[in-house]
Every structure is written in structure tokens, then in C-alpha cells.
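A.B. asks: Chain by chain, the residues:
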Amino acid sequence: MNLALADIRHKLGRFMLTCLGLGLLMAVALSMVGIYQGVVSEALALSRSLRADLWVVESGTSGPFAEASRIPGDVREMMARLPGVAAAGAITLRTAEAQAPQGTLRVQVIGYEPGRPGGPSAIATGRGVGGTRFEIVADARSGLPLGATLLLGRHRYHVVGTTRGLVSSGGDPLIFMQLRDSQDLQFRLAPAAARRALAAAAGGGGTDTVNAIIAQLHPGADPALVAETTRRWKHLAALTDQQQSDLLTLSVVNRARVQLGMFTVVLLFVSAVIIALIIYTMTMDKLREIATLKLIGAPDRTIIGLVLQQALMLGGVAYVAAVAIVFAARDVFPRTVALGPAEVAVMAVVIALICLVGSMVSIRAALRIEPQQALGG
Amino acid sequence: MTNPLVQVEKLSKTFGAGDTAVRALVEVDLVVEAGEVVGLKGPSGSGKSTLLNLIACIQEPTGGKLSIGGETVWDGQWRVADLRRLRRERIGFIFQFHNLLPFLNAIDNVALAMTLDGVDSATARQRAGALLDYLQVGKRASAMPARLSGGEAQRVAIARALVNRPKVILADEPTAALDSERARVVMDLLRQVARDQQAAILVVTHDEKIFDRFDRMVALRDGRIEGEQLRAA
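First to last, the protein sequences are chains B and S.
Here the first sequence stands for residues 1 to 377, numbered as in the working numbering.
Here the second sequence stands for residues 1 to 233, numbered as in the working numbering.
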């Protein structure tokens, strides 16, 4: 007969309520792990989606995510001709406040040339941006359905396709449009400002500027070598995709990542203390029963087994509740909660370790209970 | 005097040291034979519970000698390495408030003492069921302790004390929570057990209504045996 299980069955309601409470706490800790992973995943979502081997940006900058970068649009043709380069595409990036049917929407607008690198890697519904102007592909996170319209700058754009899971490092949904539309949106001055600029002989009409060129290389081509060749043009800088990823995770979202990581550690520490206190209370509630067990000759392993099994059952049930809560609520979070089997498994091991360590104090206390405490009233 | 199962020779117990030392038991001699039911009475602080705890090997004497079932277990130091095993195999306990584990039903409470001794669960439950039948609570085998009456719970506790066929049974106020009728029934059961299993039974009690159920009544005062009274034939 299993004493731990029998005791839990005897106080099932109380045990399940305790597990639910603990499960909620663990759900918070698990969410933090998911949000931590989500921040990294969101930061890399765009660069991974674009499948770039090389990022060509303005000289002296680490653009286009970490710093602003502006280069002429014809750099794309120069890059396309470089040995080792299979395809090159110009892109623009801009954060914008758009007027959507559901209200103001903060988005990251990506301009690209259809048929060239820079567009969404996969379309979830509808189609990609075609030859017609003022079409957009919006990520599902924006809440824009197919056929919806979005007011951006001076024009109204039509949603012709949607993507899934494409957000900026800040968690804003991505909107893809033709490069020409995005250049107009980003660089063309309003009519009054353009007239003033023209009068001041400062230009104002030209908009063939992009933020970066992304290049896809032939299989076997060395990204570092192509990057070195690119840097010979004095006005350009080149980053390999690995360098860009490092910039995104170690620079762009580093503070958020570290903050979330520290908060997760604090939460796990708090969870450990609470688990230890619950196990201790559960054990001390059985003081007389443990004393009786000792008096009738139960060996220490029976007492240790009772405490340890209950601690693991408590942690196990609470963790299952936590996983269920987080997976049920993950879409409610405004930012991605990225939890895969690896994170869930690692967290399970961490919780099991916390339960084991947390039960040590209780086991020590249980072993110190004297059998004579079973006697008397 | 043919088969002494409990032998206490000049057994002493002092709590504390120096000026604050309390002599709870002073050179007590006591022998309980197989099949004998002996009562221990005395006012509070007379040393009854201390004597019971020493015989139960849950407190260490400070002097004298203690033998259980013919084996010396304390003689200036413990002579048995595993005291819990000794208790499991040779001593049965009956408590004032039955002390059944609230999360096990009656039959599992009884069987537990056997499974702790390494007996498989099915065999233990079989023996536990037979004992509950013997003590006339077999029909309550699946009841949880909270559902048992005081008398039923005490019988289940007696069954638990007997299940490993111990040679020594120690009872601490086993009838304190029972009315006169049930108290006498419990004592008659203990007498029957002592006779059937040839066990030595030592009972601490204040309960005058059961004094006539003992073969011998030992009176303690200030840690010393004040006198003994044999049961009238």
C-alpha cells in the first residue's frame, strides 16, 4: 500500500486546491520562460524568414535592425553581380501607426521587390503581393483578415494575404508591401514639404533609397568572403546572417532578455520557497501519524518515501496544471509565448529538483519526530 | 514464574542533570509473564508512562537492565542495533486515542504493521481480516477511522497491535475514551489475547472500573513501585 497516495486521496480536495494554487504560480514562471524564448524568437523571426546569407547596409552602421541604415536602391544590382551571390533583394523597414478597422495598429512595414529575396517565406492564407500597387500581406497577429483595408500614410492598402508568426523584435506584426509603395511611404515627402524642399534645392523628389540589401548565396559560397568583397565599396557594410542574429539577440533585445531571465530566476526561487513551505506544512500536519509509524516500527525509508512521494506528486500535478494553463492562455498574451517540448521538459526537471530540494527540510523534520509523540492525548 | 517476557531490573530514568535533575523512575523491578495481564496505576508524575516508554524502547534508561522476550535489550547501553525492528517484531502498542492512520481504512491500518515487516500486501490483508473478525469488527474492515465508533476504533487498534503476533503488548490508557461497558469488553479481549497468544500485556490505566480485569495491579508513586495487588481468585 502506498501511504503517500492514500494520504492524498484522504484529503483530495485540499491537495487539488493546493496543486491549483501552486500550478498558477508555476504557470507564471513557465510563462516567463516562454516570453523569454518568445523575445528571442520574435527578434529572429524576420531575419530567419528572409533567409538572407548576407546583409548589406550603410557603411559604419549595424543596420537595419540595430541601427538606421540608408543606401541607394541600385546597390541591389551591384550585389546581384558579385561572384557567389545567387539572388539579391532590396528591403525597407519602418515602424508605423496604421488605422485599421479595429483601431490604431502598430506595425512594422517591410517593403520588398516581389520575386526577389525580402518577401514572406510562407503565406498562410490568400496570396503574396503582386504587380498591383497598394496591396499588403499582413501577419495574423495584426488581426487583419483577407480583404480588410488599412490606412497607412496617405494611402489605403488592401490585405491580399496573411502570414503566421512574423513579428518584429518589438513584437509588432509585420506588413509586407511592394518596395515602391514602402519607399513612397517612408521617403516621399508630403506635397507641401516637397515643394519647400525643391525651392531650397535640396531635392525631395527622389525616393530610390532602401534600408538594406539582402543577398542569398550559391551553395558553397563563403559568406565572409562575399562580405569582405562587398566592404570594398566604401559606402557599404556587410554582415553575415550569423552576425545579424547575434546583433539582434545580444544587442537589440538584450535588456529585455536579461530582465526576463532575472525575473524568471526570482520566480523560480519564490516557487522553491513556497513549495518547500507547502511540503513542510503537509509533513507537520502528519506529525502524530509519523510518530505512530515510528512507534510501530516503520523504518526511516518509509517516512522519507512518504514525504518525498508527496512532494513529487504535488510538484507533478501542479506542473501539469501549469502547462495546461499556459498552453490554454498563451494566445491571450500580447507577445509570443514560445514553449516547445524542450522548454517544457527542462522546466519539469527544474520543478522536480525544486521539489526534491524543498522536501529535504521536511524529511529532516520528519526524521526528528520522536515516536513518543504518538502517546498521550 | 516460568516464561518472563518483560524483565525490568533496577531500571532508572533521570531527566536533566545537576540541580534540575528529575528522577522519573528509581530502580524499578518488574516481571511480566507470558499470558499475564498487568496493570500499572499511580498518580500523575508517578512514572507510569516513563516505565512504559522505557519498556517500549523509545526512551533510553539511565540505569538498570531491560529484557524483552528473554533478550537483554538495555544493560548500560542498547544491546539491540535496530530498535524499530525490535518494536515491529516483538512489541504491540495500543494507545489512549487508538492512533489509527486517518488515511487508511480499518483493514489497511491493521495490515500496515505487517507490510512494514516485509510481508506482501495480500497476505497482510488476509491476516488483518481474520484478526478483525476475531475482534468482532470484521464487518467494518473497509471503514475509515473517522467512521468508526470509539469501541470499534479501539478494537481495530488492538488488531494492529496483534497482527505481527508480538510477545509483549503495551497499552497506554486503552479504555480512557470508552464507556464502562466497552472498556470491560476491550479488557476482556486483551485477556483473551494474552491467554490465546501467550503474550505479556502491560496496561497503564487510571480506570478503576477495569481494575478487576488485571491479573496483577502494580502501583507506582514518585518513580518507585509502591505495591502490588493480585487479582482475587
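Just so you know, these hints were derived from the structure itself, not from any lab.
Remember, predicted model here, so these are calculated numbers, not experimental data.
Heads up, some of the hints might be wrong.
[Said to hold, decoys possible] From the structure, some residues in chain S lie toward chain B, with a derived Cβ separation under 7 Å:
#	residue
1	I58
2	T62
3	W78
4	R84
5	R87
6	R88
7	F93
8	L101
9	D108
10	L116
11	G118
12	V119
13	E228
14	Q229
[Stated by the list, open to error] Straight-line Cα separation of at most 25 Å, SDA-like style, residue types lysine to any residue; simulated pairs:
#	chain 1	residue 1	chain 2	residue 2
15	S	K167	B	D300
16	S	K167	B	Q373
17	S	K139	B	Q373
18	S	K139	B	D300
19	S	K167	S	Q59
20	B	K11	S	K167
By construction, the Cβ of each residue, glycine as well, lies at the ideal position given by its N, Cα and C atoms.
A.B. asks: Hints the structure violates: just list their numbers, smallest first.
C.D. replies: 2, 3, 11, 12, 13, 14, 17, 18 and 20
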